[in-house]
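So the protein lines, in turn, are chains P and A. Residue numbering for the first sequence follows the numbering used here, beginning at 140 and increasing consecutively. Residue numbering for the second sequence follows the numbering used here, beginning at 3 and increasing consecutively.
In case anyone wonders, no lab produced these hints; they're calculated from the structure. From the three backbone atoms N, C-alpha and C, an ideal C-beta is built for every residue, glycine too. Don't take every hint at face value.
[As the list claims (entries may be wrong)] Here are some of the chain A residues that sit facing chain P, going by a computed Cβ distance under 10 Å:
{"id": "1", "residue": "126"}
{"id": "2", "residue": "130"}
{"id": "3", "residue": "137"}
{"id": "4", "residue": "147"}
{"id": "5", "residue": "160"}
{"id": "6", "residue": "166"}
{"id": "7", "residue": "336"}
[To be verified] Footprint (simulated), chain P over chain A, 3 or more residues, beta carbon under 8 Å:
{"id": "8", "stretch": "99-107"}
{"id": "9", "stretch": "113-124"}
{"id": "10", "stretch": "328-335"}
[What the hints assert, rightly or not] Non-contacting residues of chain A with respect to chain P, defined by C-beta distances greater than 12 Å in every case (computed):
{"id": "11", "residue": "184"}
{"id": "12", "residue": "197"}
{"id": "13", "residue": "247"}
{"id": "14", "residue": "253"}
{"id": "15", "residue": "261"}
{"id": "16", "residue": "272"}
{"id": "17", "residue": "286"}
{"id": "18", "residue": "297"}
{"id": "19", "residue": "305"}
{"id": "20", "residue": "306"}
{"id": "21", "residue": "311"}
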Amino acid sequence: MSRELNYVDAIREALFQAMEADPSVFMIGENMRGDIRPESRGLYTRFGDDRVIDMPISEAAFTGFATGAALAGGRVIVEFQVSSLIYPAFDQLVNQAAKLPYMLGGQRFLPVTYLIMGAGAGGGRAGQHSDNPYPYFLHAGIKSVFPTTPADAKSLMLAAIAEDDPVAVFAPVGVYGTKGPVPEEPVVAPLGQAVVRRPGADVTVVAGGPHALQAVALAEKLKGEGISIEVWDPLSLLPLDKAGLEASVNKTGRLVIFDDSNRTCGFAAEIAGLAAERCFHALKAPIKRVTRADMVIPYSTPIETEVLATVDRLEAAVRAVMA
Amino acid sequence: MPTPVDPPSDLDPEISRYRLMQLIRRFEEMAVDLTRGGEIQSAVHVGTGQEAIAVGVCAALGPDDVITSTHRGHGHILAKGGDPARMLAELLGRETGYNKGRGGSMHIADIDLGIYGANGMVGAGAPMACGAAFMFKTRAERHVAVPFFGDGAMNQGVLLESFNLATMLNLPVVFVCENNGYAVTTPIAEVLKGSILERARGFGLAVEAVDGMDVRAVQAAAERAVARARDGGGPGFLECATYRYEVHNVSAGSNWADERDAAERQEGRARDPIERLATQLIAEGRWSAVDRAQVDAEVESELEGGLGFARNSRRPDPSAAYDFMYARDYAGLPARGVDE
Chain P
140 MSRELNYVDA IREALFQAME ADPSVFMIGE NMRGDIRPES RGLYTRFGDD RVIDMPISEA
200 AFTGFATGAA LAGGRVIVEF QVSSLIYPAF DQLVNQAAKL PYMLGGQRFL PVTYLIMGAG
260 AGGGRAGQHS DNPYPYFLHA GIKSVFPTTP ADAKSLMLAA IAEDDPVAVF APVGVYGTKG
320 PVPEEPVVAP LGQAVVRRPG ADVTVVAGGP HALQAVALAE KLKGEGISIE VWDPLSLLPL
380 DKAGLEASVN KTGRLVIFDD SNRTCGFAAE IAGLAAERCF HALKAPIKRV TRADMVIPYS
440 TPIETEVLAT VDRLEAAVRA VMA
Chain A
3 MPTPVDPPSD LDPEISRYRL MQLIRRFEEM AVDLTRGGEI QSAVHVGTGQ EAIAVGVCAA
63 LGPDDVITST HRGHGHILAK GGDPARMLAE LLGRETGYNK GRGGSMHIAD IDLGIYGANG
123 MVGAGAPMAC GAAFMFKTRA ERHVAVPFFG DGAMNQGVLL ESFNLATMLN LPVVFVCENN
183 GYAVTTPIAE VLKGSILERA RGFGLAVEAV DGMDVRAVQA AAERAVARAR DGGGPGFLEC
243 ATYRYEVHNV SAGSNWADER DAAERQEGRA RDPIERLATQ LIAEGRWSAV DRAQVDAEVE
303 SELEGGLGFA RNSRRPDPSA AYDFMYARDY AGLPARGVDE
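Work out the full structure: start from the sequences and follow the hints.
Shown next as structure tokens:
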């Protein structure tokens, strides 16, 4: 059964269903008890003190706390209310949790989900609340997903919780207001599987989150001009559906990556590198990247918009590779 | 693998503790020799002089209790029941090592023994101990978690955050600070203002200072703190004053100069915890020099057996380098250095 849900409500439904299904699942984060935040509203009332624990503003400690709890048999969801709150916890994420199972020689793995809300720029959130920090995680080898629709949000959240490794779920602020059909049942999406959000013949546009929706809209707009865009949404950034990417680029022969993380060593750079290695002979035009600038995100709208990955620049890039 | 040598169960428990301290001392000295001789490929941080803290604290713990350790972790691991043969195998990079050669000295762990790992980052194990303690509490298990750390860690935010987490959640945690007076080579008094004990007390921890060169005193203090934590009485904090005999770290190549003058080093060694317990036991008429020599010989033989086992074990096959990154691998994960 499907009905329409808002994006954040879909995340909350996944949290409820995962915690109902498995008593070893518990959630830690900030400000959950007072029903303040839509993604955690009602969880404390339903599951109580032992399973919904408000943490002090100590991101490093509560991230390590989750690692220790997982070693002791827990399955833990850690919420960061804003994407940049991962920075105080960086050692515990990239140097402890990401490395511990390997360094233990596989004695234990860590079933921990990092729910990272508020990813990306949201209009005037300025330098410290506008990052899309997933490249740091990908670089560190932390499995990461970037759900685009409410249905993706629910099914990938459930997949993250079910995985026995740390998985980061980046919830982009740019799609918070969207609604869409979401199955009532707890459907778990496979990791490492992209979706072709809109099939096309001439150019592959790789985009996720709000940028995937913008790319679909652009595809509609350019259809009348005879430009057929395939929007390839990775959904799962690590593992990445490399075979799916290869198939799409080999089919269209053109690739534009539309990604709102930093340009240098960013996600778009990795996609471009993969396509260059695997699809060189199929390419009819140079690969193009439309990314955010390597910039601090400014506060004021005109200069904020200037540095972000915009659909206007995507359109220009698509036209350039088609020329 | 050699069967771990369990001391006879009818042995006087204090003699067992002597034996364990001697085992740690000789293990560390062996690690230094193996490092200087090039058989251990990297550096080791050894805890000669600090044995009484590991042994005294772990004497208050049961098999289901958990510890986290430090870069100077060999003693904690042995005191919690770690097998010296598998530890030596790890130091020599062998497949039979605790971490299958993936970790080395600073990452030795045995989760089944409650050893949640040595750790290369100062203070980083403390929040993990809190997380384990939280699981014990919510499952109504009477276990405790004990993070070990040094005086230098008292300036690390994540440790101070962990103190607050432990008191806020009333967790069964006993924080153990091994104060050897130096944050690597910087005298702690130069970089830590206020006092260690008062700092911990400020977080609401039940604090106690103890002579970390006296295994009896450490054990007694640990038993008090562990009993309180086990009974739900809240987290504790022990500051154990100790002295590190070796330089901060030992490697085959360039060795760190010792930051301490000869007089200070001699004074530190005069407080030797192993000699102290042996002298006490003999003076109390519970032991003899002959019996001591026999225990020492057993320790040598156990370590020699362990070293033989380690040397005879295989190094991991290069193709196995990618194993254990993930509980579940996917196509293309982990990515290799060349696209396939």
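Report task. Against the structure, test the hints numbered earlier, and report the numbers of the ones violated in rising order. Result -> Failing hints: none at all.
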